Amino acid sequence: MAKETFTESMTVAKDPQDSKVTKPKTSVLGFIADKGIFFFTGILVLTAVLFVDGFASLQNVTDVFHRAAPIGIVALGMTFVVITGNYLDLSVVAQAAAAGVILIAVSNAFNLIIAFAVAFVVAIIFGLVNGIAVGYFKANAVIVTLATTYIGLGLLRLLSGGSQVFGPADGPIATFGTSKLGPFPFSALVLIAVTLVLTFVLTRTNFGFMIRSFGVNNSATRLAGTNTGLIVIGAFMVTSMAAMFAGFVLAAFSNTAVSNMATGFDFQALAAIIVGGTSVFGGKGSVPRTLLGVVFVSILSNVLVLAQVSYGFQQVAIGSLIVLAVTVDALGRRVSKK
Amino acid sequence: MTNQTVIKVGSTATGFWGKLRTVLARRTEGRAVVLFAIIATVVTVSQPLVFTAYQVTLGRIALIGLVALGLTAVILMGELDLSVASTLAVSGVIAVTVANQTNMAIGVLAALAAGVLISLINAFFVAIIGINSFITTLGMLFALRGMAFVISDEAPVKLQNTDLGIAFGQPLLGPLTPRILIFFFIFIAIQIFVSRVKAGRELLAVGGNRQAAYDAGIPVKRRIFTGFIISGVVASIAGIINAVERTSADPTSGSTVLLASFAAAIIGGNYLKGGKGSIVGTLIGAASLGMLQVALTISGVQIPIQEIFIGGILLIAVITDPSSLRAVWGSISTTLQGIRNSLAK
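Residue numbers (this note's numbering), protein chains in the order written: chain F, 1 to 338; chain V, 1 to 345.
Think of the hints as simulated: they come from the structure by calculation, not from any bench. Just so you know, these numbers come straight off a predicted model, no measurement behind them. A virtual CB, placed ideally from N, CA and C, is assigned to each residue, including glycine. Just to be clear, a hint being listed does not mean it is correct.
[Claimed, not checked] To give an idea of the interface, some chain V residues facing chain F are shown, with a C-beta separation under 7 Å as derived from the structure:
1) Val108
2) Leu112
3) Phe124
4) Ala127
5) Ile129
6) Phe134
7) Ala143
8) Val150
9) Leu314
10) Ile319
11) Thr334
12) Leu336
[What the hints assert, rightly or not] A few chain V positions that, by computed beta-carbon distances, are all more than 10 Å from chain F:
13) Gln191
14) Gln306
15) Ile308
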């Protein structure tokens with residue numbers, strides 16, 4: 001008798017704890033949304049190696065990473081904005097171009113240090129304007145960053161005259177853009193370094209914890225006494241800094257810069273982030289996932305280029321990829337909630 | 001009958017000023033009217049040519065406003081359609097390509113069908129799958145731009161029937177070109193639909209409180225389809241008009257239209273969260289921007305500066321939204337309260 005009550009009380013005591021510990025049942029779609037990227041990247045690489053001529057050469061693989069670096073760096077930074085649930089930052093197009101043009105034009109006129117300083121100040125201004133409008137005015141991030149994109153690009157075109165700027169052929173920028181460490185181009189190393197730093201910030205610092213907490217439930221975070229406006233400004237600031245580095249790397253590639261050189265970065269970065277498994281609904285995601293998404297998207301576009309698919313179809317592919325990835329995420333969520 | 005209770009809805013203000021205040025409080029066009037007055041005054045003083053060459057100004061307003069009118073129907077539901085810019089490009093390319101092979105009427109029908117199909121896809125993802133409309137239409141914006149490149153073979157398509165194009169640019173009724181007439185016709189149609197037709201009123205209900213609208217028996221999903229179809233078809237019409245008037249369809253067109261039409265709709269006082277707004281507001285917003293653009297062009301201001309102006313106006317419009325101002329006032333008063341508390345200690 002006593003034994004029975006004992007076991008009964010055990011099960012009663014254990015039950016609520018159990019339901020907390022066991023993860024909610026995930027559906028197939030939920031599983032794909034969560035882990036799918038690993039399989040799809042594997043399948044894509046395998047298909048590319050087997051069926052696409054010229055993919056599996058060291059030259060091509062380093063080239064893929066070389067090209068992926070600027071968009072990748074932007075995507076890594078923009079992950080912070082997406083995790084806070086603010087969709088994306090369209091103005092990275094203007095920010096990266098501004099950083100590139102400033103780097104080359106100002107270092108031509110003065111020196112490299114002043115160029116870095118000016119680009120840094122510009123990035124801070126972009127981050128502040130976007131962050132304050134979204135964080136404190138609670139304005140829609142897409143509209144705000146659409147406006148700042150045009151303001152930024154307009155100013156840039158006005159000040160640079162819309163023409164291409166060239167750096168000196170033997171300057172430090174050109175050296176950085178073409179040099180390699182072993183088989184790795186410097187740009188790929190910057191990509192890895194940014195990944196490590198941002199992973200640390202997102203997972204090991206107070207700020208990163210606040211970002212994730214804000215993404216999961218922003219009113220709870222605010223009620224817990226956090227200044228949520230500052231969190232949003234911080235997220236946009238990280239994106240601005242990343243876009244600045246992306247602009248530097250992009251300008252160093254060819255030792256030239258022009259105001260429209262980053263066109264399409266916004267969408268490609270968003271595609272990489274979403275495909276990597278960071279949710280546009282906010283709260284869920286990580287920096288290494290975005291890196292994996294970048295690898296996937298850049299291998300995909302490399303394969304499309306090698307298979308001589310036209311530019312138009314490449315855009316159709318990436319646009320469909322965004323919608324498809326979000327659909328899987330949304331359906332997976334809906335099923336797992338039931 | 002003696003103890004009949006009178007339920008007063010809304011403000012109980014009486015007298016002329018009270019009634020006026022009630023009417024003003026209900027309207028959402030306040031900012032649009034203020035901006036319009038400022039721009040009209042400045043333009044009258046500095047660049048009166050904008051009014052003497054009113055044909056040009058009206059044409060510009062129609063260009064900006066047409067897409068904005070369709071967009072308003074979606075914004076009233078609290079959704080957003082970023083894909084209008086690409087819908088415009090795709091429709092223009094389809095209209096011209098088909099018209100070159102058959103005739104203009106079939107070209108127009110094909111382009112309109114494309115517009116409907118695009119909006120059905122958008123609405124499917126938003127209403128049935130339940131994805132946020134920003135992300136859906138952003139993906140569509142990108143995919144459709146690619147589609148325009150594919151169909152046009154990555155180069156502007158020339159309209160072979162140039163006579164039609166030239167005739168289309170000529171005044172049809174008095175000094176008004178077909179573009180302006182179509183613009184006003186669509187404005188009146190959407191205005192009547194949103195303010196007088198049940199289905200149109202329901203768009204506002206869906207935007208105001210989706211759950212309440214559903215509970216009240218409004219077919220929410222069908223209304224989302226309605227809204228997106230309006231915006232898609234209107235963007236299509238704008239694309240066809242652009243292509244015919246210029247006798248060529250450019251697959252890259254529409255990126256500046258995106259900014260200007262959003263600016264017009266948001267300046268017009270349409271709440272991005274939905275449920276409040278008006279088509280008249282969008283018209284006033286488009287009129288302000290159109291006058292500004294023509295004035296800047298006549299004064300010889302470069303395109304980049306014009307973009308800075310319109311981007312700046314969009315940014316100011318979106319942060320002076322009443323809900324934005326309330327949000328920022330909330331954080332300021334919290335901060336002040338915090339300072340006061342720490343001073344009291």
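Results of checking the hints against the structure:
{"no.": "1", "hint": "Val108", "in the structure": "23 Å, violated"}
{"no.": "2", "hint": "Leu112", "in the structure": "21 Å, violated"}
{"no.": "3", "hint": "Phe124", "in the structure": "10 Å, violated"}
{"no.": "4", "hint": "Ala127", "in the structure": "12 Å, violated"}
{"no.": "5", "hint": "Ile129", "in the structure": "5 Å, holds"}
{"no.": "6", "hint": "Phe134", "in the structure": "5 Å, holds"}
{"no.": "7", "hint": "Ala143", "in the structure": "3 Å, holds"}
{"no.": "8", "hint": "Val150", "in the structure": "4 Å, holds"}
{"no.": "9", "hint": "Leu314", "in the structure": "4 Å, holds"}
{"no.": "10", "hint": "Ile319", "in the structure": "4 Å, holds"}
{"no.": "11", "hint": "Thr334", "in the structure": "9 Å, violated"}
{"no.": "12", "hint": "Leu336", "in the structure": "14 Å, violated"}
{"no.": "13", "hint": "Gln191", "in the structure": "24 Å, holds"}
{"no.": "14", "hint": "Gln306", "in the structure": "8 Å, violated"}
{"no.": "15", "hint": "Ile308", "in the structure": "4 Å, violated"}
Figure legend: structure checked against the earlier numbered hints; hints not met, in rising order: 1, 2, 3, 4, 11, 12, 14 and 15.
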